[in-house]
Amino acid sequence: MSLLKLQDVTMNFGGLTALRSFNLELAPGEIVGLIGPNGAGKTTVFNVITGVYEPSHGQIFFMDQEITGMRPDLITKAGIARTFQNIRLFRGLSVMDNVLIANHLHLKANYLAAMLKLPGYRREEREMRERSLALLERVGLADLRNEPAGSLPYGMQRRLEIARALATKPKLLLLDEPAAGMNPKEAEDLTVFIKEIQTEFDLTIFLIEHHMDVVMNISERVYVLDYGMTIAGGKPAEVQNNQRVIEAYLGVNEDVED
Amino acid sequence: MAEHKKRNQILTAVSVLLLLGFITFAENYLDLYIVRILNVCAIYAILGMSMNLINGFTGLFSLGHAGFMAVGAYTTALLTMPPAVKQQIFYLAPLAKPLDQMNLAFPLALLAGGLLAALVGLLIAAPVLRLKGDYLAIATLGFAEIIRVVFTNTQTITNGALGLKGIPALTNLWWSFGTTAFTLVVLLSLINSSYGRALKAIREDEIAAEAMGINLAKHKTLSFVLGAFFAGIGGGLLGNLLGTIDPKMFSSMFTFNILLIVVLGGMGSLTGSIISAFIVTIANEVLRFLDESINLGFVVLQGKVGMRSVVFSAALMFVVLFYRHGLMGSKEFSWDRLLAGKFVRKLMGCFKKRLPEGGCDQ
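Top to bottom, those sequences are chains A and B. Position 123 of the first sequence, counted from 1, bears residue number 122 in numbering that gives the first Met the number 0, the numbering being contiguous throughout. Position 143 of the second sequence, counted from 1, bears residue number 142 in numbering that gives the first Met the number 0, the numbering being contiguous throughout.
Take these hints with a grain of salt, some might be off.
[As the list claims (entries may be wrong)] Partner residues aside, some chain A positions facing chain B, computed with beta carbon under 10 Å:
1) 127
2) 130
3) 167
[To be verified] Listed next, the in silico EDC-like pairs over lysine to aspartate or glutamate satisfying Cα-Cα at most 16 Å (straight line):
4) 330/B with 146/A
5) 247/B with 144/B
6) 168/A with 225/A
7) 170/A with 24/A
8) 330/B with 96/A
9) 184/A with 212/A
Treat the hints as calculated values from the structure; they're not laboratory data. Please read these numbers as outputs of a predicted model, since none were measured by experiment. Note that CB positions come from ideal geometry on N, CA and C, so glycine has one too.
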């Protein structure tokens, strides 16, 4: 059974085809990478999966349910969480609140029960706080829980964004360039961290990444996009030596070919 | 912490008692003019808080408040006016049945005004809340104008441009301050719940909020409708305080006055809205001399009607340019913060020895 399946997905913006007949299948428990040069359509893949865009063509299935064109919040509820390429934390709110907010979708109490602080709601609120604190401890941000999220250093904001995504209790986690702007040491730590949370939270992870060390190290399979087309796919070692991938990344040196 | 909590509870209880004592005193002994200003202060506090819920907490730039107030004011007024008075003032065309005979107790009429305003909010929420930023502002501004024009033309319900006169003066300090307290308690309990956090998340980043599983339409509607409800109740209190209302009163200028209160008090601070409602309303009265001629002894400045508005506009510009967070920013009033303030600390300096260690830290 596949966890996520994209069938022949095409995304047009006016005359521009950002993604052309894209096919993808993720098995439960996999870590899969998505690479490609800038503007290849990687983030478009994420936006189509999470419902930010409705694909012009094609279908998306999550756990055998069609989720094509579903509202983003419902897709998150179904079990797909994401982080953003340009970090999108609730900057003015505290670190703790950021994680608490991601628990809100599982809240059973209605707003009247919440306003009146009925026992049922109080129990849920307590559970949300415990869970959030545990998550923050896991990513090493528990001490900073009362700080505004926007005041954290960059690397911590990345980790907070992952903690926030985990708080939605996802089955599939989409990471959009988690190592962007990190030095090699930080990127290496992140690689270990991603592998750890994958087993700890029983996740399937699909990530976009530019750091080749990270992608090749972590991914069991890699898809390569260029100009919205899948140009290669397979095991990291195979992809790395694929001529088309090398050309897409390095360009064709016409002087040498002549 | 526990000690602070107890101290804060005592301070709150004492303040509430003092306030109750003051209201009793004011109702019985104070000048009617001052009582009226205090009433207006409290009503503006309600209007400010309700607008702050929509604009400050949820980040929806809505300018439709005057419309909701008008709905509440007319509903409450029509439901509390005695049938005889109605017959008298609806001389162009009689009031539609069964409104002409209806007469409800004040609290029920207020509630009806709030509920009707909330219903109107619910009806326009679906189309309007799809819009963002400036577009939402324009659409809601348009809505308020539509309400005004409709009320000018529904002769058999609102008495059109003639407005309503002889509305019983049922609003007193107990009602206005009581409703202010009720509004504060209700909105605070929403803001401090998981739903309140969701609203703030929408304000901070709509895309991220939706990606975290927050149903945008549902939560925005909740905020909008609750804001409309309290705007309606505020309008109802105002109508029954002033005694006369007409459609012209509820122009967009009214919305901007409330917006001034919200911005000055701090977007995202309910207690800030209350404080600034009092400051703005009282300043509005104190600065009345600006509209009159001023005799400086050696020169007499000719009074210009509208000078107050100029001063107020300048004040708003000053706040937006240099003091964007307003009085309270997005923080709520708390005893801890007040007692940790510089002024109080100095004042408490001499008692420091008697306080527990670190009693003033925060």
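Checked hints:
1. 127: 7 Å, holds
2. 130: With Cβ-Cβ at 13 Å, over 10 Å, it is violated.
3. 167: 5 Å, holds
4. 330/B with 146/A: 14 Å, holds
5. 247/B with 144/B: 10 Å, holds
6. 168/A with 225/A: 32 Å, violated
7. 170/A with 24/A: 15 Å, holds
8. 330/B with 96/A: Within the cut-off at roughly 15 Å; holds.
9. 184/A with 212/A: 11 Å, holds
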